[in-house]
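*Asks:* Spelled out, the chains give:
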Amino acid sequence: MLFLQFTILSFVAVTATAVVLTRDPAKQAVGISFYGLVMALMFFIFQAPDVALSQIVIGAVALPLMILLALTKIRRHEEEERVRRKEKKAA
Amino acid sequence: MKRSPRIVFFLLSVAGFAGVYLWGLTGLPAVGHYRGPYGDVLNQVATYERHVTDVVTAVNFDYRGFDTLGEEFILFMSVVGGTVLLRRQREEDKSEHRDQNLSDKSPERQAPEPSDATRVLTLALVGPLVVFGLYIVAHGQLTPGGGFQGGVVLATAPLLVYLAGDLKKFKQITSHTLVEIGEALGAFGYLAIGLAGLILGGAYLRNVAALGTTGTITSGGTIALIDLATGLEVAAGFVLLLYAFLEQTLEIRLRGGK
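Protein chains in written order, with the numbering used here: chain A, 1 to 91; chain B, 92 to 349.
Any given hint could turn out to be false.
Stated by the list, open to error - Chain A is nowhere near these chain B residues, computed Cβ spacing over 10 Å in every case:
id, residue
1, A109
2, P120
3, Y129
4, V136
5, R155
6, V175
7, T209
8, F239
9, T247
10, D257
11, T305
12, I308
13, F329
14, F336
15, L337
Claimed, not checked - Derived CB-CB ranges, DEER-like:
id, chain 1, residue 1, chain 2, residue 2, range
16, B, G115, A, S10, 30 to 40 Å
17, A, D24, B, N134, 27 to 37 Å
18, A, A70, B, L289, 33 to 43 Å
19, A, R23, B, L289, 46 to 56 Å
20, A, A70, B, E342, 30 to 40 Å
21, B, R97, A, A18, 20 to 30 Å
22, A, K27, B, V136, 47 to 57 Å
23, A, S10, B, E342, 21 to 31 Å
24, A, P25, B, T307, 39 to 49 Å
25, A, T72, B, P219, 24 to 34 Å
26, A, A70, B, K260, 43 to 53 Å
Calculated directly from the structure, the hints in this document are not laboratory data.
All C-beta atoms, glycine included, are put in the ideal place defined by N, C-alpha and C.
Please build the complete structure, drawing on both the sequences and the hints.
*Replies:* The structure is reproduced here in structure tokens:
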């Protein structure tokens, strides 16, 4: 049990560091999803299944999804701004 | 700020933090040695007092139900805020030609049609996913899980429809008025159950419903009811957010001749 706990904690540390060191937000969203999964496993090993369930759905699915959706939204906004500026120049 | 003072400042902070942190760690109890009295007390009395087998849900929806009510409304307000913030200024970009200029319209930026394998697999998973979500919500007082976890699982079902490429269905599901009503009803339900406790039992959120037999789906009194209300609110809230985020992309892709 102790070995399992030690392993999963080092996994959490490694994946968390990897997420922080990733600079591209889109890639970071994928990384944070994996980190969320590892965290869920950690909660499960430390006998907190309730928290593990929340962590799986929030950390591995909902959070990366919201990040990706927000990125899409930002890109669209930037593009609209560009088109608007171009139109103003033409007018 | 220049680079070198920043690094010096960073190293100083790290050294300070590491020192305090390690000092704090030495004061922690050993792994598996729980010192607080409440967990042990609740583990002893919860099944007897509330006829539930998942003490975590009993704590969330009963013993500290008022805190969870606050959390519930944090979620409610963030969904409302997110929807208001993301709502499309309709008059602003009604003009067709502006959309034409967006690169999403250009052929190389079009999202590819999902393959048959993706479509079959995702659509086949929708049913089991909904059942699983409902199961987690309904068994909150019996097994790990509850309204919150199950609600989020339920909210991912329309996303599978989106992944399958059935955009029209996705829009029908997520932009339905029932979703908004569900969101409001879930939040109101929690409040109303609390009020019922105040009226019938003399204290807000007092567990006034019949406790039922331990181990059955109707056990737990108001715990099970609040669980259902939370499940409804969380599922509807996340679906609303999904639609708010995807609304614009959806319109363009639907108009894109598919």
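*Asks:* Find the hints from earlier in the document that the structure breaks and name them by number, from lowest to highest.
*Replies:* Numbers 8, 9, 13, 14, 15, 16, 17, 20, 23 and 26, in rising order.
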